[in-house]
Amino acid sequence: MDPLAELLDHDGEKCVIQQDGGDKMDVLPRGGTCFSYSRVHEPSCSLLTPNRLLTLPDCPLEVKIVSVERDHSSTHILYPNLYVIELRHGDFQWSIRRRYKHFQQLHQQLQMYRAAMSIPLPTKKHRERRRSYREDNARRPLPRFPKKPESLLSQEEVQQRAEQLEAYLSNLVMVPAYRMNPHTMQFLEVSHLSFVGGLGPKGREGLVYKRSGGHHSARGCVRLHFLFYQCCSRWRKRWLIAKDTCVLYVRPRDGVIKSVLLMDQGFQVQSGFMATGVNHGLLVTNLTRNLLVKCWTKRKEREWKDHLQELAKTSGRDFTHPNRYDAFAPVRTASRCRWYIDGSKYCEAVANAIDMAREEIFIADWWLTPEIYLKRPVVPNNRWRLDQLLQKKAEEGVKVFVLLYKEVEMALNINSLYSKQKLAAMHPNIKILRHPDHVTGGILLWAHHEKLVVIDQKFAFLGGLDLCYGRWDDFNHRLTDVGGIQMQRQISKSEQPEVNTSMSEVANRLLASHRLRRQQQSGGDNGLTEGYGTTDAADGGGEATPPGAATDADARNRGRRSLAGGRLSTGAAANGGAVYVDQEEGRVVVGDDGSSRIASNLMRARRVFRAVTACQKLKKPQQTEVPLILEAAAITTIANRQKKRRSTHLHMGMQAFHRHTRRDSLDSLNTPCDVPRSELRASSLEDELGLQGSAKYWLGKDYTNFIFKDLTEVDNPFVDIVDRNVTPRMPWHDIGAAVSGAAARDIARHFVQRWNFTKFEKAKQHENYPWLLPKSYQDVELESTLPESAVGKLFTADCQILRSASNWSTGIKAIESSIHSAYIDNIVNAKHYIYIENQFFITLEQGNPTVENQIGEALFQRILKAHRNKQNFRVYVVMPLLPAFEGEVGTDTGVAIQAITHWNYASMCRGDSSILERLKAADVPDPTKYIDFFGLRKHDELHGKLTQELVYVHSKLMIVDDEVTIIGSANINDRSLLGRRDSELAVVVHDTDREKSIMDGRIYSAGRFAGALRRTLFREHLGLLEGDGSSNGIDIRDPVASSFYDGVWRTTARRNAQIFEKVFRCIPSDSVRTFVGLREFTAIPGLAETDPEQARNELREIKGHLVDMPMDFLAEESLSPAPGTKEALMPVALWT
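Residue numbers (the UniProt record's numbering): 1 to 1136.
Think of the hints as simulated: they come from the structure by calculation, not from any bench.
Hints are not guaranteed to be accurate.
Okay, derived cross-link-like pairs now, DSS-like style, lysine-lysine, Cα gap no bigger than 25 Å in a straight line [as the list claims (entries may be wrong)]:
hint, residue 1, residue 2
1, 764, 258
2, 920, 870
3, 237, 258
4, 375, 420
5, 294, 313
Please build the complete structure, drawing on both the sequences and the hints.
So, in structure tokens, the structure goes:
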């Protein structure tokens, strides 16, 4: 098409502007106040493109010359007057300064343009231009231009000249063809980014010369880089733009953004020859690079310097001035925020948020698997599978940007290359970058460990949850997932339910129908009678396991995954359809349950019939009519299910009413349950027949047990990595958070900084990977956030985004360790208690040459202070019982597990540097009165055989005094906290919204965010979530009182641990102090194998998942890597 843009539908409601390639540049209601933010990502074109729509359609452009500054020096004899012009366009206002010669040059350019449109050149392009010119009614003459030279004007005529130039410019911009002329736009300092919503006010813009280079390179020889920069760099013309918190420049010939400088605490602006080495030079510096530009005149240099410095003092102050904890971002008051316990609700909220995205989606993960299901059970068309959801949004025009950690392939099997290729192939709007490059960058030991999802730069998720295999879980922490209908135990005659006589006719018909089918079909549907281990189609081709199959010896030694009894499994889905995996297409298919509820119910009844038939045939093959009677009973149960649901909704409504009436009351033992009952709903169907019907929740490699076997062949996602009929999965406990408003902008800003740094290092000249821009903070709190129906209940609190970042990870020449600073500050200032959940606890005393972080030192000093002041003070630490590395403790495969375990125990209780030993040395007779360590463990039945597994604690959480909460991706070790190693992200939440509670036996004003999170965690770990929150008279409000700390928490943990050891002989255990003792301990069968019924009776006494952390496990052995092992060759910093 003609390069001269064409105005279409001039009298309609909308104005559509098309460029040379025919691409739509924007669709905007007439009179709109700004362009949509999507313009940032639209195809760019030259700044000199004729008739390009850069101003808002049908929105007046007001021009006013507010003052005239006269230069009395000899520099500007011919043009001594400088006209200060204020312009207003929609909601945007800015000012420019021009001399008479600039007006004159603009007038001459427009005269040349008008003359060119009068010449009928024989080219198609020129004909299109002329046609557009005529249709635009632009043939009327240019406004009258005053021609008297400036030097001949008297003082009285200067004001008149200002009025003439104002009239000239006002009339000029009223003619579309002249207003859209590129020379007019350059005169007015307008570009395609000037009036974009979300980018803030219209800042200063203009052409400059930029010297190449200036980035702070993280690799190569610094001296050679400096020499090349000084001597061999070139000057190029660039369009410089200043926004409220960043500076960027555009290449004029194609309009492509070439670099973005974020304002930060290293932001400086210098000018003059001494600072820049060039005349009219301007040096803009931040923590990432030096930008040297050259202006045409000294005045331009001074104006740019003053403008940038003013921005740094005003709109950019949040980032250019020091913040609490030396963080890159300030405290954001009255932020809307939310916590998530375990992956189920976190992933559901992420899915809803992604589905509501309109402009951009940012994702950064240590590990991302495209085939992960964010909502479960799965639904038809795989709507909530991550790759399908991102493809859907990309097809809608949303830009998706993903940053992945590029692993060392010899050490990790996460296969980020597969994730990149899979997502990149789905749609051009999905962009993926991996970082770092290990050989050229020299980064072999450290990782990008932060996890974040940002939606439209206004709502963000962070925490410990990657969007990958094994993370999705809920408070039930299931160990098994064979899917289908499962029978807990075989039904005896005494347990068979009575059948309502009103259903006798239905039963007779079912019996007759079944007999007819048996006569017509030779074999019938009796495949389930072959064995307990029959796998359904969702297993992805797994082999059936015979009834008497024994548990793997390796699994038995690691955790005594004992199995006893029997259970039946089929492939029925909870929603009435079968779940199966299409191996060729790599998708999960859910059978449609039909539009008829009756048909769905009959399908469920038939599955009940089949399961009971198989069970009865295993016991009494001759009985054929009893299953049919049970099938009739099943139909009765299904028919009554709607009635029960209505009763349940009424009950929930009454509970909500009672919670509301006692919200500020301290009469009851507990505050209301802090999670809606709908979030605790059962994930399977269960009826009076003793049957459970459920879909599979963990498909293929999502069913994981990292200690039993690490992942392999990630690019084959729907093939199981372990046999789910033998090996229990490892439950995953984690914490996530969400923030909106300015805090979400801060997380987006961190992503933008990382993305732009990675682009500079790996794709600087690759135009398909654009530079990203941070959105403005102006009026951010007025923007609508995501509804609570999508992301859950939101709290109001003060939030601050923290991080661990350095040169290799974000390109900054400083080291930020604000997460470490926040941990220490809040530990030191804690008044009553500290609750910690973390994947590691590796922290030694101050001055230790091996472990540098000061978390342990801060805890030691605070506990010592409480002891000397005779103060009740508690520190709860919940962590994994064993690290999640593949291998078996006590063998050659368990060296990595033992290495991490060594450092954990060295920090907790072994050696003079451990916190418990230091407290004892400081005359604290019983340190566990103040601090104690705990783990989580779960038991279940797999095909009727008892089994157990530790719940892997992956949280990175600290709660202090029901007032302060830190949630993020940082572990308690040097890798996460020092800043110069792994990159991390976290949020510290200070409650401002209070509620009545009790602390240390006294009335206390607790924060709603921290208090609700802590109480919900206590309920989960103590097994109270399934009740009403106040069962057994347990008061969870006061975490300091001895009646709870000793009488409930520690007692429950100790009792649970004793039962687990008695029933399963699981490790770690205080009974195992040596490797020889470990082999002897695991050789003795537990009660689960010798007497399953008695074991079940014992297990009924277990409450929740909480267990003691065994402090004497392998206490007489050295767990550090032995000389000669590959782990011993690695630097100690890798483990700490």
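Now for the hints, and whether the structure bears them out:
1. 764 x 258: 8 Å, holds
2. 920 x 870: 16 Å, holds
3. 237 x 258: 12 Å, holds
4. 375 x 420: 22 Å, holds
5. 294 x 313: Distance of about 23 Å is within 25 Å: holds.
Violated hints for the displayed structure: none, as all numbered hints are satisfied.
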